[in-house]
Structures are given as structure tokens and as C-alpha cells.
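*Asks:* Take a look at the letters that make up each chain.
2 protein chains.
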Amino acid sequence: VPGVSSRLFGALANNQISVILITQASSEHSICFALDPADARKAREIIEDEFSVEISGGKIDQVAVEDDMSILAIIGENMRRTPGISGTLFGAMGKNGVNVVAIAQGSSERNLSIVIAKQDLSKALNTIHEVFFLSDVKTLNVFLIGTGLIGGTLLNQISEHSHQLEETQQLKINVIGLANQDAMVFDSQGVDLANWQKLLKSKGEPTGIGAFVQSMKSLNLSNSVFVDCTASPEVVGFYEDILNTSISIATPNKIASSGDYTLYKKLKETAFRHGIKFLYETNVGAGLPVISTLNDLKLSGDRIKRIEGVLSGTLSYIFNQFTSEQSFSTVVKEAMDRGYTEPDPRNDLNGMDVARKILILAREVGYELALEDVEIEGLLPQACLNAPSVEAFFNELELADDHFEDLRKRADEKGQKLRYIAIMDEGKAFVRLMSVDIDNPFYGLSGSDNMIVFITDRYSDRPLVVKGPGAGAEVTAAGVFAELISLSHFLG
Amino acid sequence: VPGVSSRLFGALANNQISVILITQASSEHSICFALDPADARKAREIIEDEFSVEISGGKIDQVAVEDDMSILAIIGENMRRTPGISGTLFGAMGKNGVNVVAIAQGSSERNLSIVIAKQDLSKALNTIHEVFFLSDVKTLNVFLIGTGLIGGTLLNQISEHSHQLEETQQLKINVIGLANQDAMVFDSQGVDLANWQKLLKSKGEPTGIGAFVQSMKSLNLSNSVFVDCTASPEVVGFYEDILNTSISIATPNKIASSGDYTLYKKLKETAFRHGIKFLYETNVGAGLPVISTLNDLKLSGDRIKRIEGVLSGTLSYIFNQFTSEQSFSTVVKEAMDRGYTEPDPRNDLNGMDVARKILILAREVGYELALEDVEIEGLLPQACLNAPSVEAFFNELELADDHFEDLRKRADEKGQKLRYIAIMDEGKAFVRLMSVDIDNPFYGLSGSDNMIVFITDRYSDRPLVVKGPGAGAEVTAAGVFAELISLSHFLG
Numbered sequence: 036v037p038g039v040s041s042r043l044f045g046a047l048a049n050n051q052i053s054v055i056l057i058t059q060a061s062s063e064h065s066i067c068f069a070l071d072p073a074d075a076r077k078a079r080e081i082i083e084d085e086f087s088v089e090i091s092g093g094k095i096d097q098v099a100v101e102d103d104m105s106i107l108a109i110i111g112e113n114m115r116r117t118p119g120i121s122g123t124l125f126g127a128m129g130k131n132g133v134n135v136v137a138i139a140q141g142s143s144e145r146n147l148s149i150v151i152a153k154q155d156l157s158k159a160l161n162t163i164h165e166v167f168f169l170s171d172v173k174t175l176n177v178f179l180i181g182t183g184l185i186g187g188t189l190l191n192q193i194s195e196h197s198h199q200l201e202e203t204q205q206l207k208i209n210v211i212g213l214a215n216q217d218a219m220v221f222d223s224q225g226v227d228l229a230n231w232q233k234l235l236k237s238k239g240e241p242t243g244i245g246a247f248v249q250s251m252k253s254l255n256l257s258n259s260v261f262v263d264c265t266a267s268p269e270v271v272g273f274y275e276d277i278l279n280t281s282i283s284i285a286t287p288n289k290i291a292s293s294g295d296y297t298l299y300k301k302l303k304e305t306a307f308r309h310g311i312k313f314l315y316e317t318n319v320g321a322g323l324p325v326i327s328t329l330n331d332l333k334l335s336g337d338r339i340k341r342i343e344g345v346l347s348g349t350l351s352y353i354f355n356q357f358t359s360e361q362s363f364s365t366v367v368k369e370a371m372d373r374g375y376t377e378p379d380p381r382n383d384l385n386g387m388d389v390a391r392k393i394l395i396l397a398r399e400v401g402y403e404l405a406l407e408d409v410e411i412e413g414l415l416p417q418a419c420l421n422a423p424s425v426e427a428f429f430n431e432l433e434l435a436d437d438h439f440e441d442l443r444k445r446a447d448e449k450g451q452k453l454r455y456i457a458i459m460d461e462g463k464a465f466v467r468l469m470s471v472d473i474d475n476p477f478y479g480l481s482g483s484d485n486m487i488v489f490i491t492d493r494y495s496d497r498p499l500v501v502k503g504p505g506a507g508a509e510v511t512a513a514g515v516f517a518e519l520i521s522l523s524h525f526l527g
Numbered sequence: 036v037p038g039v040s041s042r043l044f045g046a047l048a049n050n051q052i053s054v055i056l057i058t059q060a061s062s063e064h065s066i067c068f069a070l071d072p073a074d075a076r077k078a079r080e081i082i083e084d085e086f087s088v089e090i091s092g093g094k095i096d097q098v099a100v101e102d103d104m105s106i107l108a109i110i111g112e113n114m115r116r117t118p119g120i121s122g123t124l125f126g127a128m129g130k131n132g133v134n135v136v137a138i139a140q141g142s143s144e145r146n147l148s149i150v151i152a153k154q155d156l157s158k159a160l161n162t163i164h165e166v167f168f169l170s171d172v173k174t175l176n177v178f179l180i181g182t183g184l185i186g187g188t189l190l191n192q193i194s195e196h197s198h199q200l201e202e203t204q205q206l207k208i209n210v211i212g213l214a215n216q217d218a219m220v221f222d223s224q225g226v227d228l229a230n231w232q233k234l235l236k237s238k239g240e241p242t243g244i245g246a247f248v249q250s251m252k253s254l255n256l257s258n259s260v261f262v263d264c265t266a267s268p269e270v271v272g273f274y275e276d277i278l279n280t281s282i283s284i285a286t287p288n289k290i291a292s293s294g295d296y297t298l299y300k301k302l303k304e305t306a307f308r309h310g311i312k313f314l315y316e317t318n319v320g321a322g323l324p325v326i327s328t329l330n331d332l333k334l335s336g337d338r339i340k341r342i343e344g345v346l347s348g349t350l351s352y353i354f355n356q357f358t359s360e361q362s363f364s365t366v367v368k369e370a371m372d373r374g375y376t377e378p379d380p381r382n383d384l385n386g387m388d389v390a391r392k393i394l395i396l397a398r399e400v401g402y403e404l405a406l407e408d409v410e411i412e413g414l415l416p417q418a419c420l421n422a423p424s425v426e427a428f429f430n431e432l433e434l435a436d437d438h439f440e441d442l443r444k445r446a447d448e449k450g451q452k453l454r455y456i457a458i459m460d461e462g463k464a465f466v467r468l469m470s471v472d473i474d475n476p477f478y479g480l481s482g483s484d485n486m487i488v489f490i491t492d493r494y495s496d497r498p499l500v501v502k503g504p505g506a507g508a509e510v511t512a513a514g515v516f517a518e519l520i521s522l523s524h525f526l527g
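Which chain is which? The protein sequence lines are P and Y, in order. The numbering of the first sequence is the working numbering, which starts it at 36 and goes up by one. The numbering of the second sequence is the working numbering, which starts it at 36 and goes up by one.
Calculated directly from the structure, the hints in this document are not laboratory data. There may be inaccurate statements among the hints.
Any copy will do: because identical chains look the same in the list, a pair fits if it lies in one copy or spans two.
Claimed, not checked - No more than 25 angstroms apart at the CA atoms, straight line, and that leaves these computed lysine-lysine pairs for BS3-like:
#1 207 <-> 333
#2 333 <-> 463
#3 340 <-> 207
#4 312 <-> 94
Work the whole structure out from these sequences, hints included.
*Replies:* Here it is in C-alpha cells:
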């Protein structure tokens, strides 16, 4: 209807009400404008008065006022000659969960204005600064829970590398919130990482994962990531809620990715829908590019037929050390003394950890499997598993030395070596002790290296192989650290 | 100034001119609106008349009319409740080089309207359909030049997999333009790949890279990629121009990445600025994830200290076959007969190809090196290099058999094997024949596999290793194919 906008803006002008922003999309049955909140009530009265006939006649629906809004304008010369500026702007808003309520950009175009909720203003401002002012240091806001071996190592790595990261990548990793089972600390300027243990002890409030997540959400910071370094199922219970507030997750915790399939799927979809990330690369092979290589193969149209892997650094070490020189139980004992095994080495030797890893890879390939579907050939005789203590276990293991020596000898006679290998073959997953000969990629394994072999439509005659150190707090923490840095590039 | 919009829209309304879209950004000194092109002249007169006093007084600058524009509106319920829609929209516009001239989105928000140049309309429409309607098949528009061994294999692979790609990834790879030295063919519906050789022969027009690029640009299609399967420096001369029109490039041609450093740098920057891709992963290790692994390490804050690689499938094969059973010249002859070498095997044995590859990796790490900076230890005696024909070369090579046998024996006596290895060490690059023992990762190499070893700050005690088939038309074409599929996901 020609004349409506004229009457609308005429009535407002006659009452000295300034309109800050106007936008009317094509074929839209509404016109939207922004004004000083102090004028809102008066403006509504004026409009209702001016259009009283149309309103009572049902020709105009309603005059809706939205409160607590802010206008954010980006101003620059030649913006319209540069495709991509609006893409960068709105992409960053989306990844940070900022709803853009209205947009106005005219063709003279030195100004692109958006209307957003007031509570998102500082988050949006920070985001815009970081994406448009390359000289500005980008900030990744980290909320870390679990300060055990991996979490503690990660905090130390962040602390050690913070200076170098700012210099070389213009990136600041700010740990805003920190919690363990006993205490939590928040500091919106960033927790002092040189003293994180002390701070948790002295200033930490009593904790609770619910309270921690609540505080993180109400801070509403840009580029936020939740890092779960616990092994707690309770924490995993909060993942979906966290992702739904547009906060990414990075975690070495395998519970979500190897637990209930529906949850695993839902978390991935939730992250995707919000344009953020749910990262768990360190679940398999620590920092080695295993899940990312698998996803790249899939994304590039390849079909993964089979995966073989030595996926436990501990078991890799044990079988690499197990020669004619020393008995199996001696090797396991030595590995435990060096801190390479779990406190109870049976938690490595029972194959469950390896089974979880091959399960995760099978799921990433696209198979809907559960842990029960993975066939595990255990290494240990029942007596070892039943032993009531670690000491008793070693007594039983010594009795099994002849059995292991027999296996080793038989392999040796055929020029083969023993390897504990996890396999995914067209959707079937299993874990077993195998005797491999010199042509097998696993034959040459040494140290505590992991090795992952992909057999695909493209890599069919000869496989694609990734090899390297894949266990231990240092490399696992470094893997999470790497995810955080990549995430900051993705968000920024 | 209150009253301006009222007078503006009043004057237009009084003359029965409908305004389709209005947008006035905050603090903007202009107001922008869209109307039927037929009304443009009249509207200008009306406005100049209404504001004649302000115009002559210099208070209003000018009335600017922009012609040949289209309005594109996306309409949907609850758009504003979904952060990320505008990000997706404007991101896709940016990657396709579509300038958004004006934007209007009101707070009732079932409609987001953009104004773009009319010539970009069909490109923009296609793009929007592909990013928002997941049921729609995405299309990647390919312009391929060079139909030799790799290009031809790639065309066959695209043809073979097209059905499966549409089914599993909702992706259509459409070869729109195709050229070799003699002819070129364009088909906006997609060249019939079952008959590409025939079509080029029968319907192909005389070619010229300039004409090919010009036709590609004027088609102005969404999601376009230029695939260079030639080894021509002339084609490389067009890369910058192509990237500047927001068309991505994927190429196994090593000339750009291992030639002039300034050009290499400029091409990368140009692609980055336009939000598109310049892809050359197959320059090293064919389809193996070598450059991508290197970039991921860098991006995740690791520092690459040293790279070691067996980077030539041909030389890998030759040294893996070279045992006490047969002489070096016999092995080379056999490799040539099997088609594993260049027509003149000296082009493999002179080390230049390997030198180019390690140069590319050094540059990706961040070093400003040229080919002259790579120290190459040649394999062949001068007489072999001087030989006037391939036949004469083999005669000379037989004379050198004792020399190679001597090298092999000495290695063998120490339990070592001969490998032709390229190394980048803290910015220095060299290529040499080395004798490696059983602990060395290259010792266990077999077939024509490539192997790349990364030693970084993080992978310092034990390296990160990638291994697999890295040569031949099939895997190289498959690598380019993989890049095309990944690119389509990136663009869409």
C-alpha cells in the first residue's frame, strides 16, 4: 500500500521522534524501524492513533515493540566492493549463537547495521573486532573441567605456549573457568595459569558440574569452548545443553563417542546445527590425525572398507619389548613401573580400551555399532582377571609366562611378531592378538607408537598408513591443545 | 533529519510509485529503496522536485539510480530463531563472488531480502537453493584443461562415480568446459563424459587458453572450479585472473607451487581473499594427505622442524626392487617397461622432480625458497646424463652397474638399505641417496609407496609418519577428484 510509510514517518516526524534505522524487506507485510527506547511508548501511541481506522478495520495487524535491543553498525569505505564481508560478519554471529533480529544495508554502503539482543552486545562486539581487525589478538575462551593428569598437563602447555601463540598466531587462549571435583574458579580476565593449583585450593568455591555450566553460560562470551578432561559420565550428561548454547566441546573423554549411539549421533548433529564443533580427535591415537584423516577420506568421496590399528601405546610398547630376552610378566611389570600402564595393568590388557577406540572409528565410518558388538579376544587367562589385587594378578601372570613364551616362539619360528590389533571390516569390529610377518605394516612397529591402516576403495592394493606416538598425557594434552587452536581459527 | 523519509515516501506515494524495499542503516547519511525499473526516471524527477531546495542548497548530495539490479528474497518461518541462516547465505554469496548491494531484514523476519546485480541473479539463485534445500543436489561446475594421462583418467573417474556421488553425497560434478591443445568443448548442461574424446574431436572448436578462460568467466556459474591437468606454464599465467573472478583452482601441475615464489604467495593470498581455494595437494604424494597434514600441524600451533620423505613412487620402486638378484640397470629398464618411469627415465633419476616436491613442502612450512636452493645429489654419472638417446643412456647405465652394486653391497653388509630421500631441515632442503638401517622408518618401505616423516616440536622424539601409494595416473587423478569433492562441501 503506497502511502503507509509516508504516513508512518510523517506522524513520527511531526512528533520529533527520530528514526535510527529502517528496514522493509520486499514482499514483507511489515515495516521495521529502530528508535531510542525512551521514545518507544510515545511512538506506539502516535502510530496507533495515526492508523486507528486501519487497526480497528483489521487492515493493520498490530504495532509490536521489541525491547532490550542494540544496534551494531560496521562502517567502512568500499564495503560493497568486497564480497565476503557480510559472509564473515554473519558467519561469526551464527557460530557464536547471536540472533540477528534486523538488518539494514543501503546501496551507498559504508554502513551495515544489525539489530541484536542487548545481552549479546559485548559478545557480538568482541566477535566483530576479532574477525575484522586482523591486528587484534583473537581470544578463545576456555572452560576446563578435570585437572588430573591430562587436564593438568594441558593447563601447563597452555601456560607455556601462551606467549608464543600471541606472537606467532595472534591468539590468546584464556582459561576463564576451571574446576575439579573439589573446587571451581572463574576469572573473566583469565585464570592465572602459573598458580592454578593454588587458586583452586585457596579461592575455589565448592563445585558441581551444574553450577559450573550455569556460570559458563551466563558469562555469554564469544568463542567459548568447554574442555572435558574428566572420565565422568555425569559431565557428558551436560554436553547437549552446552552445545545448544553455541559453546563448542573438545574432550579426550571417550564416554560420549563410545557410549550410547543415539547420544553420540545427537551431539554431532547439535554441533553441526549450531555451526560449532564437537571435537574428540584424541579419543583415538592421541594427537595423531586419525579421525580427521578418516573424515577427510569420507568427505572426499572415498569408501572405507577396512581399518586395522595398533591403538594402544601401552600394548604396542609391551609387545615391542617382548623378546626372547625377558618374560611377558617382566615386560608388563616394567611397563607399569615406567607409568606406561593404568595403575592396574589389567585395564590395558583386557582390551576394553582398544575396543572402545575401534568402535569410535567404526562409528565415524558410518556404522551404528555399540561396544557389545565389538568382539574382543582377551589376552589374559581367567585366573589373572579374577585375581583380587594387582600383586595377586602379577603372581597369576607369571604362571602364564610359558603360555605367552610359547606364542612368541611360534611366531618367531615363522619370522613373525605378535601384535594386538583392532580391526573394523565392512562394519564388523574385533580386537585380537595376531602374529604378523615382515610384509605386514605392523611388523616394523617400535616404541609405544600407534599405527592405523586404512584400506579404502582408493587405497585398496596398498593402504594409507598413519603412524606415530599415540599415548601418554603429554601427547594427549597436546592433541587437545591442537584442537583448541584449530577451533579458534574455525570460529574466527 | 526527521521528516525526510516522510516527505520522500509521501511524494512517491502521491505519484502512485510503489516502493519494494527500503533500507536505512543507522548513522547512515542516505536512505536506499528499490522500485520497478520502469518507475526509476519518474521517481528521480519527483524526488529532485520535492527536495529541490535542499539539493540546490547542498544539503542533499544527490539522487543516485543504480540500474540492472535484482532483489532476491529468502522467505521462511522462524528464520530469526535460527542463528546462522544469514551466515550461510552471505558466506555462500561471498565464496561465489556475488556482491550484495543492499540488505533488508525486518524484525518480524520471515523475509530476508538482498539486492544484487542482475547478471549475478541465476548464480545467486542456484547457490541459495544448494545451501538451503538439503534435498537438492549440489552442483560443482568443472572447467578442465589438459586431457592427457591424468586429465583423461580424472574424466573417466568422474564419469564412473557420478551416479554414486549423486546417491550418497547429493553431489553432481558437471564438467562444463573441456580443452586440450587441439580443441575445446562447452556444454552448460555438462559435457557427456562417456564420449568426451569424440566430442573434442568432432565438435571441438580451435582452442587457446585465453578463449577458454574467457568463456568460463562469462558463463558466471556458481561453485566453479578450474582444473589444470597440463604441465604448461602458459596456463599457470592465467591462475591469478581466474582466482580473482572467484573461481577455485585444483591442479596436479607443480609449476605454480614450485616456480616463482612471489607468484606462489600471491595465488595463495588471492584465493584466501576471495574465500575460495587454490588446491595442489597432489603435487606431493599424489592423493596422500601430505600438504593437508602439514597445514593441520601448523594451524594447530605445532612447529615443523624437519621433514624426510621418499617422494618419488618411481625411485621408491627402483630401490625396493634393487637386490642382489638383479643389476641396477635391469631394475630401471623393468620399471620403464612397466610404465612406472617417465618416457626418458633420467627425468626421474635426475632428482629434479623430488627436489620440486621437497621445495613445495618447505614453502608450505613457511620458508621462502627457490628450486636453486635445493641441494640435489644426483644418482647418475655424467656420462649417463650426456647420452644422446634413451638407448645410449641404458648403455651408459650398464657401465655404472658396478658402482651401484658396490653401494648396495656396502649397505647390505651393514644391514642397511639404499633409499633416495628428500629432507627439509629448519629451512634447508636437500635430496640424496642414503643408506638407512632397520630402525629408520624408510627401511621397511615396499612397492612404489611414498613415505613422509614429520619431526616437529610435538612429534620430536618419535615422528608422525604418513605412508601409502603416491604416484601414477590413477592415484593422482583420484587425489584431484578428492579435492573436487572436498571443495564442493567447502563451497556449499
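*Asks:* Work down the list of hints and note, for each, if the structure agrees.
*Replies:* Quick rundown of the hints versus the structure:
no., hint, verdict
1, 207 <-> 333, "between (33 angstroms within a copy, 16 angstroms between copies)"
2, 333 <-> 463, "within (18 angstroms within a copy, 35 angstroms between copies)"
3, 340 <-> 207, "between (41 angstroms within a copy, 24 angstroms between copies)"
4, 312 <-> 94, "neither (46 angstroms within a copy, 51 angstroms between copies)"
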